[in-house]
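A.B. asks: Residue-level listing of the chains:
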Amino acid sequence: MNNAIIIQSLSKSYGDVEALKNISIDIKTGEIFGFIGSDGAGKTTLFRILTSLMIPDHGTAEVIGFDVVKDYKELRKNLGYMPGQFSLYQDLTVKENLNFFAGIFKTSIAENYHLIEDIYKQIEPFKNRRAGKLSGGMKQKLALSCALIHKPKVLFLDEPTTGVDVVSRAEFWEILKSLKQQGITIVVSTPYMDEAALCDRVALIQKGAILTIDTPENIVSNFHEPIYAVKAENRHKLFEDISKFEATKSAYWFGENMHWIPKENFDEKSLENYFNMLNYNNIYIQKISASIEDVFMELMIK
Amino acid sequence: MRTIFFLLQKEFIQIFRNKMMLPIIFVMPIIQLLILSYTATFEIKNADIAFVDLSQSRSSRELIAKFKGSPFFTIKGNAFSIKQYDKSMLNGDIDIIIKIPNDFESSLLNGRSTFVQLISDAVNGSAANLMTAYALQILFDFNRNIITETYGKDLMSSQIKILPRYWFNPELNYKTYMVPGILVLLVSLIGAFLSGMNVVREKEIGTIEQLNVTPIKKYQFIIGKLFPFWVIAMVDLIFGLILAKLVFAIPILGSVALILGVAAIYMILVLAFGLFISTITDTQQQAMFIAWFFFVIFIIMSGLFTPVEGMPKWAQIINIINPIAYFIDFMRLVMLKGADFVDVQMQILKITVYAITMLGLSIIRYRKNA
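Those protein sequences? They're chains E and B, same order as listed.
So the first sequence is numbered by my numbering: it starts at 289 and just counts up by one.
So the second sequence is numbered by my numbering: it starts at 613 and just counts up by one.
Same shape as in the complex, but just chain E (with noise of 0.2 Å):
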């Protein structure tokens, strides 16, 4: 089975809002996969339709060769699930959470243990406390854990790094990764760009609909419009001559610095005319290379 989830025109509308718009992916068997997008996008209407919580109006999903509609109770079986709303009992603590879930799914933590022993051993310290009394990393790792004790062939995490700690969010990384040696397809959304690059290959979602899917590499080499990141004094100011300059394609903010597209036929030359024409001081233009973000900001702003 060389692909792990097969999606096939998929739609679904709540009231007049269209949250999913005819996608159609496929997903091979043992990558990461993360879809990126902003809030609303749909990636986790599209995550509820995967792990059959929701019905499409129309399309079809297959996910480790189970229809997300007709054979939901044995997708049941082999899917982990983490929600993006951390989902586990605050008032029962590590173990018992770990424990129920294994018992529902008809096994015990001793027997998947090799599964979860990376992650929870790094949690096992407090494995009496209450998990509503958690850091927001150890919440992520016992909610990893719960998804995974019962050896799920895929896994879908829905935004797992959302309001996690950069150090953590790290961590958790370097954890899917030792899970993708597993052999365990995993599929991720998050709304930060710079993990983009982590995954194994990426759709970028806006508004329901799959803007562009590859490996990473791929996005950023089939990339070839100049960049260049600009930084003067009045940040404010900046912004808005820049959006109001003729030769723009586009600009946003990344960081400290503006990225500033220019359109054919122009380069850095024009802005510098541009800014001395306004009478800049101390501005900074340098080309740069463009990163994963940049061609989503590009592909975003379009």
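The hints are simulated quantities; they were obtained by calculation from the structure and are not laboratory data.
A virtual CB, placed ideally from N, CA and C, is assigned to each residue, including glycine.
Any given hint could be a false lead.
[What the hints assert, rightly or not] Have a look at the derived ranges for each label pair, beta carbon to beta carbon: (1) B:629 x E:396: 18 to 28 Å; (2) E:312 x B:894: 31 to 41 Å; (3) B:976 x E:454: 43 to 53 Å; (4) E:396 x B:894: 28 to 38 Å; (5) E:569 x B:894: 56 to 66 Å; (6) B:642 x E:458: 53 to 63 Å.
[To be verified] Below, simulated DSBU-like cross-link-like pairs (lysine-lysine); rule was C-alpha separation at most 30 Å, straight line: (7) B:962 x E:421; (8) E:415 x B:829; (9) B:815 x E:495; (10) B:631 x E:415; (11) E:365 x B:830; (12) E:358 x B:695; (13) E:439 x B:815; (14) B:631 x E:421; (15) E:309 x B:815; (16) E:415 x B:815; (17) E:465 x E:495; (18) E:439 x B:631; (19) E:441 x B:830.
[Unchecked claim] Some residues of chain E that are not near chain B, with every Cβ distance over 10 Å (derived): (20) 345; (21) 369; (22) 371; (23) 375; (24) 398; (25) 423; (26) 462; (27) 506; (28) 512; (29) 522; (30) 530; (31) 535; (32) 545; (33) 549; (34) 589.
On the provided structure of chain E, position chain B as indicated by the hints.
C.D. replies: Below, chain B alone, put in the same frame as chain E:
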């Protein structure tokens, strides 16, 4: 079975870990039973009475003295005009006024009949009825004495005398009547509210998502949710029955086994009602208010305070869906009248059918995928 075991284990850990849960389940119902049983009474004591004695005679003073001697009345005043009591009557300081006319004594001495006016505050209709009845009793006795005095013999002794006997509750003890009803009420509230709240809570904090992607079957989930509260409500009921017997000396004439057996079915009905509410709501707040909406109506119409027979026809029809009415009826019949299985088989049948219907409805309504 193993799955249900894990579900039950989880529920019980959660219930007993919640600090407020033990008081809610065990202390609150007992306090309510104790307080309500003493206070939910129709007996009138210390009705406040005032007189307008225009006669100011020996006879009128004798009449007032009769009221003074009664434990039901506290005399609050004696004035010359009803107007003087307008305000006190409005404030509720005086419940009843008796006006004695100025020709009271002269009429009686001359063998003529005379009129005494009785005014009562009827804002609370049933209380006014009772007070007036007590007052009339005293006036009637007084009247009889006058006739005896005037004619030298008791002319009224030859008429029909009524000697009421109150069956099943000979001393007209309101506690005997109220306690079984209040007990039903308390276990119903515990059952419906706790079960409903519990499922909605899983929705509210999102844990239901995590449960729904597991292979738990519908029936397992529902048993896991209902059974703990079924046990709790049954324990509460047994506790309440013991309390009723020991503290209030309520007779339990019928079979305790019959009571518990039917209570077991009734609790399924109440729990299913709570579960049904939880399937149509998303937050504990919504569930709470909808549960209240139904249960306030059910309680008031249940016959706990006022007899169902006295309600309008349409209200009696609404009572067909009132679980509390069925069970209060059953409990009073078995506890106070000693009814056996055959006597209450209709009630049992209705409760059973209703329980199955409600459980079925909530199972249909409860869906794992939205």
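A.B. asks: Give me the numbers of the hints this structure contradicts, sorted from smallest to largest.
C.D. replies: When the structure is compared with the hints, numbers 7, 12, 18, 21, 22, 23 turn out to be violated.
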